[in-house]
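So the chains spell out like this:
Number of protein chains: 2
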Amino acid sequence: MMALPKIVVLGAGYGGLMTTVGLQKELNYQEAEVTLVNQNPYHYVTTKLHEPAAGTLDPEYARVEIASVLKQDKVKFVQDRVIKVDPENKEVHLADGEPLKYDYLVFGLGSAPETFGIKGLLENAFFIRNLNGVRLIREHIEYMFAKYNTLKEDRDDLLTIVVGGAGFTGIEYVGELVDRIPELCREFDIPREKVRLINVEAAPTVLPGFDKELVDYAVKYLEERGVEFRINTPIEECTPEGVVLKGGEKIDSATVVWTGGVRGNPLLEEAGIETARGRVKVDEYLRAPGYEDFFVVGDSSLIFNEEERPYPPTAQMATQQGQHLAKNLTALIRGGSMQPFKFDLKGTLASLGRGSAIGIAFGKKLFGTKASILKRINDWRWYYLIGGLPLMFKKAKF
Amino acid sequence: MMALPKIVVLGAGYGGLMTTVGLQKELNYQEAEVTLVNQNPYHYVTTKLHEPAAGTLDPEYARVEIASVLKQDKVKFVQDRVIKVDPENKEVHLADGEPLKYDYLVFGLGSAPETFGIKGLLENAFFIRNLNGVRLIREHIEYMFAKYNTLKEDRDDLLTIVVGGAGFTGIEYVGELVDRIPELCREFDIPREKVRLINVEAAPTVLPGFDKELVDYAVKYLEERGVEFRINTPIEECTPEGVVLKGGEKIDSATVVWTGGVRGNPLLEEAGIETARGRVKVDEYLRAPGYEDFFVVGDSSLIFNEEERPYPPTAQMATQQGQHLAKNLTALIRGGSMQPFKFDLKGTLASLGRGSAIGIAFGKKLFGTKASILKRINDWRWYYLIGGLPLMFKKAKF
Ligand SMILES: Cc1cc2nc3c(=O)[nH]c(=O)nc-3n(C[C@H](O)[C@H](O)[C@H](O)COP(=O)(O)OP(=O)(O)OC[C@H]3O[C@@H](n4cnc5c(N)ncnc54)[C@H](O)[C@@H]3O)c2cc1C
Ligand SMILES: Cc1cc2nc3c(=O)[nH]c(=O)nc-3n(C[C@H](O)[C@H](O)[C@H](O)COP(=O)(O)OP(=O)(O)OC[C@H]3O[C@@H](n4cnc5c(N)ncnc54)[C@H](O)[C@@H]3O)c2cc1C
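Chains A and B supply the protein sequences, listed in that same order. The numbers in the UniProt record's numbering rise by one with no breaks, and the one at position 83 of the first sequence is 83. The numbers in the UniProt record's numbering rise by one with no breaks, and the one at position 382 of the second sequence is 382.
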């Protein structure tokens, strides 16, 4: 009997988990040996992390136990941290376990924060990246609020939150905080007017690249709820005391959350693979340049649209890549040929807290409650894709 | 018309609030000018503070808005911080407002932590003293748990909680933590066995002064739930890293909570009044020695029993003092004479978390659920005393 082809999938994010769930659906028993590696026993729903980071959602609703969506006879799950990929020797090194050999590798370890060289950012800011990290942000903010009333001095910096970046993630996070701050004020006996929420953006507009009418709607909505925007204003340095803006202005703030951008996972560069800002410009079959067996999905992959501009890294992109790649890998293993991947942009929605959102879907601009409902339905779709109706009903908050 | 006699009550704790509520019941309209001063707009239920400090109770259930229990036509409420009492000039100095003149003063500002000269304690430990302080303790513990999983190193000190003192408050707090820790472990993905809860006591026994059978019950109950007791072991120093015990052993701990004892409020000593450990040995009418118009109730007062041993400072004592003093002050104002105060010990109950307690009531030893229920009924009684049935039904958790 021939040895089964070994498929190793790294990362149970949108891209990796979708590939894995697709493979276990497509492949017959004993057609291939599929292994999924992830550092946590759970998948976290990255697109929802701004909510537990603000404290508006129990993290329970932003995670799925990986074991609960895998079929054990078709996929082996390894909980470990990937420390190195070695495409020459076709193996993956883990923090704790033995190296894994592969015939096909799917790299889906997500992104790393892009700091644009801003001094002190990595050391002093928080990042909305994973479940452990967002729980820390939530607890940090609550701790600062609790501390405020126990001190003799007026430490207004404890009640000042700076969100760096007014892109998609930044705006969604600010939207959640706008809902959360009045709750925190009630809980900790703090007057609302004491709390400052400042959103700093280097670009000349909030939500760069978005339709102007939608941007204006978002800005008005958030400003009415107390958000101070500092547009066209790069952060020059982040210190333990707050941020220094270009021009020298200092904002004292105990909580700086950076959402200004992501780059590819550093393990790719470290493996000697060609990257741009850490991301791999994959071919039409999602392969790293020069490799037949090294696929990249999700935030670490780079794909260009017809105008030769890069698509932004999104869950939508990662999901479609995963679905497509599962079919292609199945074809390969059966001796068939792969189909080229084409991204199909269905729409873009950004939430503005619990009750509102903006975006484009079905070719139409959407605002307010309607957009918010659509956004939620889209979250449910993800649970449906990976775990069917039972998971959807368990995790969806109606 | 003669000026009305001015009664000023300092502190809306058990002693001060009971006095005030008693006065507004006893006195007729326009018989006296009663002013209550308290630094917060709310009364906090000190005897329950170990619960929000552990995170097992929403602080909402351990507080009462003062305005909701006062009759505005009979009592004036001043929200301010007392910074000095001046018995020679019969006035009270406030942090923000004008000084208050009085004819009769009721001092009920509670206690201050007794550190027994332990180095670093005031700077590095937490104290279960007031609502702001216990919210800080809860948030601090949660922050340490959240931090643990975001660090590369194994920082076990983040998951180590040291409670200094195994008296009444210490044991009640440890009992709450025993309930809380498994919840925290679930919430932050931390294995229970990683968390240490250490109760350090200088005296040769847990709950010094308690009946041995009750002490043994409590120790067994708590040890079975993972508490490590270090009896006969004084803390020598508290540092930002943890505690140093007598003999030199160090315990690395990010959370040290000191419950080892209280002394009288320092404002009394500062006013030149004779004190022992900050407490005033009051006469049978609850007056400071040498004064006709200066009454002390609650933790700042010192009363001896028939064997010439001091009664421990309790809410039970403060409540009875307040009830008695309201009657005496009314008599004085009406030209009558005061009755001597006699403390009537009804019983003593210490909770061991949600489901258990120990103590003595109706002359009988009580353990477990029965004691726990009695303890809760006793909490309800306090709400009834200050706010009647409506407050009791609002605040009681059934
Ligand atoms: C707050 C927020 C809101 C967003 N909203 C939207 C939205 O509304 N719509 C949208 O389309 N996109 C949205 N995005 C972007 C979207 O979340 C990402 O594009 C998507 O998650 C990328 O998927 P991925 O598979 O590349 O990686 P991820 O989903 O980030 O998953 C990576 C996985 O790899 C694991 N991993 C990482 N390193 C290692 C290692 N060394 N060893 C083992 N395991 C490892 C991680 O634990 C994780 O499970 C949002 C992003 C954020 C932060
Ligand atoms: C965790 C815990 C559990 C306990 N359990 C029990 C129990 O089960 N049974 C029991 O009998 N006793 C118990 N006690 C003891 C009991 O709580 C105290 O004896 C009681 O609260 C003393 O009442 P008090 O009126 O002296 O002061 P407190 O109740 O402490 O009130 C003092 C008031 O004065 C205010 N204040 C203080 N300083 C100033 C200032 N400078 N200016 C303005 N306002 C000020 C405070 O805000 C507060 O409202 C417990 C104590 C603790 C900490």
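Please note that a few of the clues may not be correct.
Partner residues aside, some chain B positions facing chain A, computed with beta carbon under 8 angstroms [claimed, not checked]:
1. Ala67
2. Arg135
3. Tyr143
4. Pro340
It is worth saying that the hints were derived from the structure and are not from the lab. Ideal Cβ placement from N, Cα and C applies to all residues, glycine included.
Against the structure, the hints come out as follows:
1. About 15 angstroms separates the beta-carbon of Ala67/B from the nearest beta-carbon of chain A, more than 8 angstroms, and the hint is not met.
2. Hint status for Arg135/B relative to chain A: holds, with the closest Cβ pair at about 5 angstroms, below 8 angstroms.
3. The restraint placing Tyr143/B at the interface with chain A holds, with a minimum CB-CB distance near 4 angstroms, inside the 8 angstroms limit.
4. The criterion of a C-beta within 8 angstroms of any C-beta in chain A is not met by Pro340/B, whose closest approach is roughly 40 angstroms, and the hint is violated.
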